[in-house]
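Sequences are here, hints too, so could you generate the full structure?
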Amino acid sequence: MTAWVLGLWLAATPLEDAKKHLDAGRLDDVLFALDGKTFDAGEKPRAAALLGEAAKRAVAKQDDLLALQFATMALKLDAAHAAALEAAARASLRQEQFEAAEKYADAWLALDVTNGPARLLRARLAAEAGEWQLVVDQLDQVKLSGADAKQARQLKDKAVKELAESRAARSAVADLERQLAKAAGQRGGGFAAPPVAARTSDVVLYSTAWCPYCKQAREYFRKKGVGFVERDLEKDEGAVQELGQKAAAAGVKPQGVPVIDVRGKLILGFDRAQLDAAL
1 MTAWVLGLWL AATPLEDAKK HLDAGRLDDV LFALDGKTFD AGEKPRAAAL
51 LGEAAKRAVA KQDDLLALQF ATMALKLDAA HAAALEAAAR ASLRQEQFEA
101 AEKYADAWLA LDVTNGPARL LRARLAAEAG EWQLVVDQLD QVKLSGADAK
151 QARQLKDKAV KELAESRAAR SAVADLERQL AKAAGQRGGG FAAPPVAART
201 SDVVLYSTAW CPYCKQAREY FRKKGVGFVE RDLEKDEGAV QELGQKAAAA
251 GVKPQGVPVI DVRGKLILGF DRAQLDAAL
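Residue numbers for the sequence shown, in our numbering: 1 to 279.
Derived from the structure by calculation, the hints contain no laboratory data. Only a predicted model underlies this, so the values are computations on that prediction, with no experimental measurement involved. Do not rely on the hints blindly, as some may be mistaken.
Simulated pairs of lysine-lysine, DSS-like, Cα-Cα distance not exceeding 25 Å [unchecked claim]:
no., residue 1, residue 2
1, K56, K76
2, K150, K56
3, K37, K56
4, K44, K103
5, K182, K156
6, K158, K182
7, K161, K76
8, K265, K223
So the derived label-pair ranges between C-beta atoms look like this [stated by the list, open to error]:
no., residue 1, residue 2, range
9, A209, L134, 24 to 30 Å
10, D137, G25, 37 to 43 Å
11, L111, E237, 53 to 59 Å
12, E219, D35, 42 to 48 Å
13, D137, A278, 57 to 63 Å
14, A209, K253, 35 to 41 Å
15, Q255, L111, 41 to 47 Å
16, R170, K19, 55 to 61 Å
17, S145, A209, 36 to 42 Å
A virtual CB, placed ideally from N, CA and C, is assigned to each residue, including glycine.
Encoded structure:
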């Protein structure tokens with residue numbers, strides 16, 4: 001190597017080295033070239049752009065940890081760098097870091113409220129959290145094409161269905177609560193709860209067919225190997241009377257389903273910690 005060539009090689013800046021590695025697709029070398037480096041005011045925009053592009057390519061390769069590392073470095077240089085925010089949001093979502101993904105997605109969307117892909121990503125995050133109205137609100141404002149448009153339609157259809165089912169469930173729960181309150185206020189006749197001592201091995205699951213938490217409770221008992229009796233409050237009028245009077249005796253007011261009777265103790269809702277303790 002001549003002294004002239006050696007001089008050029010020694011004069012190469014970290015940004016120049018990183019750009020060559022990025023062009024060659026060597027993302028690990030890009031990180032090695034820039035990690036821990038400082039940049040002056042004139043270099044920061046170029047460095048942020050390079051790191052944002054590296055983050056985007058890492059997302060495409062599904063290397064989420066590397067993408068997050070590049071994105072974090074870029075955002076330290078430019079907190080409003082769109083490519084870095086998008087990469088960080090997508091990588092965080094794939095890693096199921098939902099809170100971080102929402103933060104990055106909101107910041108990305110704030111740069112341009114007409115950004116269709118950003119709204120679609122925010123809608124996906126809202127769906128993960130079961131925030132179905134937010135899904136609809138986001139997608140009502142979005143303009144997309146191709147695969148993104150298809151995904152948006154499917155997501156909105158699901159959100160509309162979930163909202164309708166939620167409204168129906170709330171109505172059904174309110175009706176059940178009225179029936180249970182009526183049963184709790186009845187005196188004489190009907191069901192009389194047996195003494196706790198006579199039921200030490202009993203587990204009774206009061207449920208409905210549509211309740212997702214009832215399904216979780218069933219799966220919980222089966223995985224634990226716990227025998228249980230299930231009584232459907234919509235199909236079994238006697239179950240309503242039974243639970244209503246148990247609730248009155250225990251001094252509790254059931255709100256929704258499931259309600260689980262474990263050895264005479266009523267547990268409202270599917271609460272793993274309470275179930276573990278009671279069992």
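The hint says 37 to 43 Å between D137 and G25; measuring C-beta to C-beta, is that right?
holds (39 Å)
Between Q255 and L111, does the C-beta distance stay in 41 to 47 Å?
Taking Cβ atoms as reference, Q255 and L111 lie about 43 Å apart, which means the hint holds.
Given pair status - K156, K182, alpha carbons within 25 Å:
Judged against 25 Å, a Cα distance of about 39 Å means the pair is violated.
Verdict for D137, A278 (Cβ pair) under range 57 to 63 Å
violated (40 Å)
State, for the Cβ atoms of A209 and K253, whether the hinted interval 35 to 41 Å holds or is violated.
violated (23 Å)
Compare the distance between the alpha carbons of K158 and K182 with 25 Å, and conclude whether the hinted pair is satisfied.
violated (36 Å)
Taking the CB of A209 and the CB of L134, does the distance hold inside 24 to 30 Å?
holds (28 Å)
Could you grab the alpha-carbon distance between K161 and K76 and see if it respects the 25 Å cut-off?
The given pair, whose Cα atoms are some 41 Å apart, is violated under the 25 Å limit.
CB of L111 to CB of E237, is that within 53 to 59 Å?
Taking Cβ atoms as reference, L111 and E237 lie about 58 Å apart, which means the hint holds.
When you check the alpha-carbon spacing of K56 and K76, does it fall within 25 Å?
Holds: K56 and K76 sit about 16 Å apart, inside 25 Å.
Kindly confirm whether 42 to 48 Å is satisfied by the beta carbon distance between E219 and D35.
The hint (42 to 48 Å, Cβ to Cβ) holds, given that E219 and D35 are roughly 45 Å apart.
25 Å limit on alpha-carbon distance, applied to hinted pair K150 and K56
Answer holds: K150 to K56 is near 23 Å, not above 25 Å.
In summary, the numbered hints that this structure violates are 5, 6, 7, 13 and 14.
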